[in-house]
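Chemist: One-letter residues, chain by chain:
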Amino acid sequence: MELQRFPGGVHPEEHKSQSASRPIHAAFVPRKLVLPMRQHIGQPAKPVVKVGDHVLKGQTIAEADGYVSVALHAPSSGTVTEIGLASVPHPSGLPDLCITIETDGRDEWAARTPIDWRNTDPAALRGHVRDLGIAGLGGAVFPSSIKLDPAGGPPIHTLILNGGECEPWITCDDRLMRERAEDILEGARIMQHLLGAERLIAGIEDNKPEAIAAMQAAAQKLGLTIEIAAMPTIYPGGGGKQITKTLTGLDTPSGGRTTDVGVQVFNVGTSYALARAILHGEPLISRIVTITGHVLRPQNFEVLIGTPMSELLLHAGERDGTTGIIMGGPMMGFDVPDMDVPVVKATNCVLAKSKELFPPKPRELPCIRCTQCVPVCPAKLQPQQLYWFARAKDLGRAQEYHLFDCIECGCCSYVCPSHIPLVDYYRYAKSEIWAREKEKRLADTARDRHEFRLFRMEREKKEKAERLAAKAQSKKAEAPALSTPEQDAKKKLIQEALARAQAKKAAVAPKNTDNLPPDKQAEIAEIEARRAKIVEIAKQPVEPEQH
Amino acid sequence: MTASAHILQKGSVTRVMLLVLACLLPGVLAYAWQFGWGIVINLVWASLLALALEALALRLRGYPLKPFLSDGSAIVTAWLLALSLPPLAPWWLLLVGMIFAIGVAKHLYGGLGQNIFNPAMVGFAVLIISFPVQMTQWSAPLALAAHSLSFGESLSFVFGGTLPAGVALDAVVSATPLDTVRTGLLQQHTLDEIHSASQIFGSIGGVGSEWVAAAYLLGGIALWALRIVPWQVPVAFLAGIWLTAGFLHWADAGRYAAPWFQLAAPSAMLGAFFIATDPVSGATTPRGRIIFGLGAGFLTVIIRVFGGYPDGVAFAILLMNLCVPLIDAYTQPPVFGEAKKK
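Residue numbers (my numbering), protein chains in the order written: chain A, 6 to 552; chain B, 49 to 390.
By construction, these hints were calculated from the structure, which means they are not laboratory data.
Hints may contain errors.
[What the hints assert, rightly or not] In silico lysine-lysine, BS3-like type, Cα no more than 27 Å apart, as pairs:
| no. | chain 1 | residue 1 | chain 2 | residue 2 |
| --- | --- | --- | --- | --- |
| 1 | B | Lys114 | A | Lys366 |
| 2 | A | Lys538 | A | Lys509 |
| 3 | B | Lys58 | A | Lys358 |
| 4 | A | Lys467 | A | Lys480 |
| 5 | B | Lys58 | A | Lys360 |
| 6 | A | Lys385 | B | Lys114 |
[To be verified] With the Cβ distance kept under 10 Å, some of the chain A side facing chain B (calculated, not the full set):
| no. | residue |
| --- | --- |
| 7 | Pro173 |
| 8 | Thr376 |
| 9 | Gln377 |
| 10 | Lys385 |
| 11 | Gln390 |
| 12 | Pro426 |
[As the list claims (entries may be wrong)] Stretch by stretch, here's where chain A covers chain B in the computed footprint (C-beta under 8 Å, at least three residues):
| no. | region |
| --- | --- |
| 13 | 158–169 |
| 14 | 322–333 |
| 15 | 369–382 |
Please read all numbers here as calculations on a predicted model, not as lab measurements.
Glycine included, every Cβ here is placed at the ideal spot set by N, Cα and C.
Put together the whole structure using the sequences plus the hints.
Modeler: Dropping the structure here:
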């Protein structure tokens, strides 16, 4: 297979050997599991358990809320002790809704039902994928059920298994491919079935020869037709658009997705999770996480979702001088607000920082337009211009210069000689644009409503006038004599009866003006007198206005 | 807010500036070898002025001194201006030039990274307009000079204006080859007559100065090899000079000097590799850089040949600096996945 070179990219020091040499450590059950409802892109999951409920391992504790959502399951058996705000790993540092489970140590499974995927209706199968909590484990955590729906776009001809793992330090996909390649490929088979893709390619960077060999052996054993490509190790070669370019030569259109060119990309971890879910009935309750950096024994762990990162650090040998944790890699990861935040579906790496490994950044200097950022940008943007526009809050120009094609890979920040955190500026500009668009949408809706109300009132007024005019017309035609003595007498009778009834009612029901102190009553009387006077004045014929 | 990436490639603004200075060294050495101590005195004096003025400007603007003084950008400006002036220029010429370069062109526009014009060229333009006599008294090449000034003699001439007893001004200064050609043409001589009347002309350009130009070229190629400057600007700049001068020379060889002669002036090489490539005031897109370089080269020759000044590099670059926002806006390269749409 002929590989193509995607534009841009950098090659930072890899630091992968530290954690890649040890096998995946089996999962341990922590005393407490904290499960955020918002672990995937889209609507947060909706809790379906109450505080005090006993739950079994794999039991649904929150269900998907809408189409762009996935369910969440108890990673071990125990008791729900809290449903409320807790600290979560998110760049904002804000707490979010979580379910806390006190584990009972029995790790007792709920009933697991494998699904006969070949004989299941695709829509129903995607429903299972959603209800088993599967979301992209490569970092974006997009609900897989949606990505596995080929409807509504160009047909998918190629399914790419993404084993790029281009970020430094991270080796969870490497170890997963080395140890569990068969499950990965079983998952890919289901994906291929759902997407109807003819071609299946696995792209693995050439710094993982063992993983490549393991995948090849597994493919042979399963008799699966798959092309396994050793890609050059260039960050961000594992990005969706980048791996698509490398393996198929196709350019994803600006502002589009790889599906626009008929390619769907799944991380190998997602494929593995899908296989466990469909073939074994195990929902997504654990994942492989690399614990590395400033720890005694860097290693990959199978980790129950919800395990506090601090416990993971203890298992890998916490060291003095730990200055913080990055969730993810050093290029795209972010600092977690505190060490006790839980591992979530997106956590591929827990990177312990020290002053030596991650020294404080030098002072940010002004941009000198050296354009060292331009050749490394995989989206072929002009980062220095975008920086300028973001700083000047010239958001319109930023969009014109394709701000939204930025994948936030951090290559520009990495090479900048002025040490400018460029990606932060782009994130700021993007969120500012989103906020403004939302505001504009709300304002538009409000204006539309207001305009419709005015229109409706006008229309009703007109209709009423027309109705009245029509009525008057017909009455005139029907009854020429409007007032006869009999009619007058009748009217009088009716009016007298009405007055009587009103007086009676007033006598029976005490008003809230009764039983008041004399000064108040005097005041009310005065007001009544004024009102009567006004009514009198209003009854008098109005003189025509002089123009 | 968390900043990604958490790791940084080795590299800094200081490193960029130091490499620029390092790549200027061959030219500086050739200059001193061919023309004497003057240039060394000028470079040191300009550097001291740059640091003092930069510190003063930073203090007035309330900026921290250390990170900005150590970025090296002021020294680069100082060297570029010093290398553009006559090496035995009186001390106050550099003082005035540096005040305009650092004070006006750089800090009044917002400091490092904000200047529209190349600061050294602004300083040069102010000086050549204000002090044309001093700006055209160039050191004679040592090979032709009647007297070669020692270091001490150079120092006292620059700072005191006094020459050793018995040495006339004509013994140490002369016009540049470009200026000689210009003056001769104004006196209705042909190029051949001018050439035979003066000893200043070497094999391609001027005696001594063609060596300086060659050394700048060498340093410039090193600067490109180090990926500090893109190839587009110097190549387009030199091509602009060559094509414009070549066309004129082809049209009338008696009045217009050969393109190689235009290229062999040190200002052309210095301009192409070290001044037009200033990232702050230059174009940033690949196509834009070619337009920028071609335009600057074209204007350089036009100003040299038809303008009122003996050299045109500074004005050419300043004029192209003006066009940068326009050039950049109209030469945006397609982003990934965009070209296919057309």
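Chemist: Would you pick out the hints that fail for this structure and give their numbers low to high?
Modeler: Of the numbered hints, just 6 does not hold.
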